[in-house]
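2 protein chains.
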Amino acid sequence: MSDQMTRITLARRPEGTPVPEDFGLETGPLPEVADGEMLVAVEVFSLDPYMRGRMNAVKSYAAATEIGDTMTAQGVGRVLVSKAEGFAEGDMVMGTTGWASHAVLKATEALKWDNGLPPSTALGVLGMPGFTAWTGLREYGRPKAGETLVIAAATGPVGAMVGQLAKAAGLRTVAVAGGADKCALAREKFGFDAAVDHRAYDDASSLRKALAEACPDGVDIYWENVGGKVLEAVIPLMNDHGRVPICGTIAWYSGVDGDTDRLPMVWRSMLTKRLSVNGFIIFDHWGGYRDFLTEVAPKVASGEITYLEDVTEGLENAPEAFISMLSGGNMGKTLVRLA
Amino acid sequence: MSDQMTRITLARRPEGTPVPEDFGLETGPLPEVADGEMLVAVEVFSLDPYMRGRMNAVKSYAAATEIGDTMTAQGVGRVLVSKAEGFAEGDMVMGTTGWASHAVLKATEALKWDNGLPPSTALGVLGMPGFTAWTGLREYGRPKAGETLVIAAATGPVGAMVGQLAKAAGLRTVAVAGGADKCALAREKFGFDAAVDHRAYDDASSLRKALAEACPDGVDIYWENVGGKVLEAVIPLMNDHGRVPICGTIAWYSGVDGDTDRLPMVWRSMLTKRLSVNGFIIFDHWGGYRDFLTEVAPKVASGEITYLEDVTEGLENAPEAFISMLSGGNMGKTLVRLA
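Those protein sequence lines, which keep their order, are chains X and E.
Sequential numbering from 1 applies to the first sequence in my numbering.
Sequential numbering from 1 applies to the second sequence in my numbering.
The following block holds chain X by itself, in its conformation from the complex (with noise of 0.2 Å):
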């Protein structure tokens, strides 16, 4: 057993796409073991396009990475030390153990590897990527067989979850990928109806057109893992009453597209603040109307709610009425009344 501990630490703030020197390497004595902890031997562990954002001053939905801070991830290793009650020397774990060889969890929070399963499972097809596909498929993609799911970064472990899941609940799969070699590998290993190379496409409009051609009957649900071209290709193509789980904006975590173009702010927002954003037509629920009137119409009786009119006179005089209200002339519900 040796005696020290290597970890890779944040050296710097990369300044969009991170470069070696930003990482630096460091060897030090093994850490103390508290009660309640255990040492662990690190064997594997999860490298993760969510690591990026952590590397950045900006708090996002977690706190970011201190500069000389170990790099943070999962990982799976073997007890050395154990002061925890339910954990002995040589159990598999898994936790947080960043870049690192050796690393000391908490038994809150590590979680022991016993089902007979690779390790590397746990960061993967079974870990945290799985995890993430399973519950926001259900939760937020609510797939019904029949429809068709597009997904970019197909076969990343994601992608490759939920496109399985997708498929086996009965839908149409659609993988997005960057070359002919990944393509290949969702359609054969993933079991994908189709892949559309986003590589071969210099623009979100050519990109638009191969994907119109692998969902002929529209979009229903696009998983979003990358934001960018893709986006702007297939928001076009989504059916009514379609649903976008945002799981992640990769194209953008290390810089955005300019300054005019405020979607990145807006979807990664939407993204890292876990908003729930509903575009509704009144006129799709348009049965509950009599209930509305039932419990309203008496409030507006009484003047519990109350309300505005602002009345034009006269049909000629609609169009000027309109165009004024447009730029916010009116106060109040804008009214033609006839003589």
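No lab work stands behind these hints, which were simulated from the structure alone.
Possibly wrong hints are sitting among the right ones.
For identical chains, the list gives no copy identity; a pair is met inside one copy or between any two copies.
Heads up, simulated EDC-like pairs for lysine to aspartate or glutamate below, C-alpha to C-alpha not over 20 Å straight-line [to be verified]:
#1 Lys299 to Asp114
#2 Lys209 to Asp197
#3 Lys273 to Asp217
#4 Lys167 to Glu304
#5 Lys167 to Asp217
#6 Lys189 to Glu304
#7 Lys112 to Glu85
#8 Lys83 to Glu32
#9 Lys273 to Asp284
#10 Lys273 to Asp240
Chain X is fixed; fit chain E onto it per the hints.
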């Protein structure tokens, strides 16, 4: 009773903001009434922002108005001739009359207005706008006492109703409106807790500062009526798990801010297609992880769900593997295995 009908038509499609020449005024004989229909003398009709969208050739959620067709509108009027069961001469009815002195309504599409309230309320506070506010707030806003709601076009018929319903539900309500008069109206007549005049601020960031002062606890519900500068100002103020019902994007109805700004296309599509877009972070859902393992681990063990790993050997090679992954250099789940 006049034997002539007057109507306002779409003379040509507007470019940007409509001008009077885009409309025509036509007079002709009264229309015929078939079985199941009634002829109505219109007393008052409604002007609403959504009508701007109908003037474009592009299909939105409703068919475009054709050149020469009567401009669409809901209206209220008195029955002159009825060939419809349940409706008699002299009844007051509401329906889709258009911008016109007379209309033929089908019984199935007409509603008798006999509740004693002024007929004009059928078009505003108790009509489509009020019903929109009532439905969208409960279904997509999901207000909770103590939260903060922001709404633009706050003195319009939708805004005024949303504000009053939210206030009654115990929320802090913050109006955005154009000009000091409308801000005073929002506070004094409709009971908003605060009102911000968007015309007093040139850009989104100065408007945001004013809104931040009016919303000391952040924003939980942003009711979207306008898009544009207000949207850009509000999004960074949203609290986690906030809700954004998209009801309109009037700032973008007459055109967008330039080719480089993709936000209007995406945001308007979310409205017209009634999309549900949800940002989510898996760490909020971690309580379900064991359920996931119970369901999915056996499928991984059996091979029903397949996976692929992209393993880099050696801690010191983690930065390079991470950089490569961010540009799509990996195939499958990216992992680092320690020696």
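Hints, verified against the model:
1. In this homomeric assembly, lysine 299 and aspartate 114 come within 20 Å of each other (Cα to Cα) only across copies, at 16 Å, whereas the closest approach inside a single copy is 62 Å.
2. In this assembly of identical chains, lysine 209 and aspartate 197 lie within 20 Å of each other by CA distance solely inside one copy; the values are 12 Å within and 43 Å between copies.
3. In the homo-oligomer, the alpha carbons of lysine 273 and aspartate 217 lie at most 20 Å apart only across protomers (15 Å), although the nearest pairing inside one protomer, at 32 Å, exceeds that limit.
4. Taking CA atoms no more than 20 Å apart as the test, lysine 167 paired with glutamate 304 passes between copies only; the shortest distance there is 12 Å, against 52 Å inside one copy.
5. When the C-alpha separation of lysine 167 and aspartate 217 is checked against a cutoff of 20 Å, the pair qualifies only within one copy, where the shortest distance is 16 Å, while the shortest distance between copies is 43 Å.
6. When the C-alpha separation of lysine 189 and glutamate 304 is checked against a cutoff of 20 Å, the pair qualifies only between copies, where the shortest distance is 11 Å, while the shortest distance within a copy is 63 Å.
7. For the homomeric pair lysine 112 and glutamate 85, the shortest alpha-carbon distance inside one copy (12 Å) is at most 20 Å, but the shortest distance between copies (73 Å) is not.
8. For a Cα distance limit of 20 Å, the shortest separation of lysine 83 from glutamate 32 inside one copy, 11 Å, qualifies, whereas the shortest one across copies, 90 Å, does not.
9. Proximity of lysine 273 to aspartate 284 under the C-alpha cut-off of 20 Å is restricted to the inter-copy arrangement: shortest distance 11 Å between copies versus 28 Å within a copy.
10. In this homomeric assembly, lysine 273 and aspartate 240 come within 20 Å of each other (Cα to Cα) only across copies, at 4 Å, whereas the closest approach inside a single copy is 25 Å.
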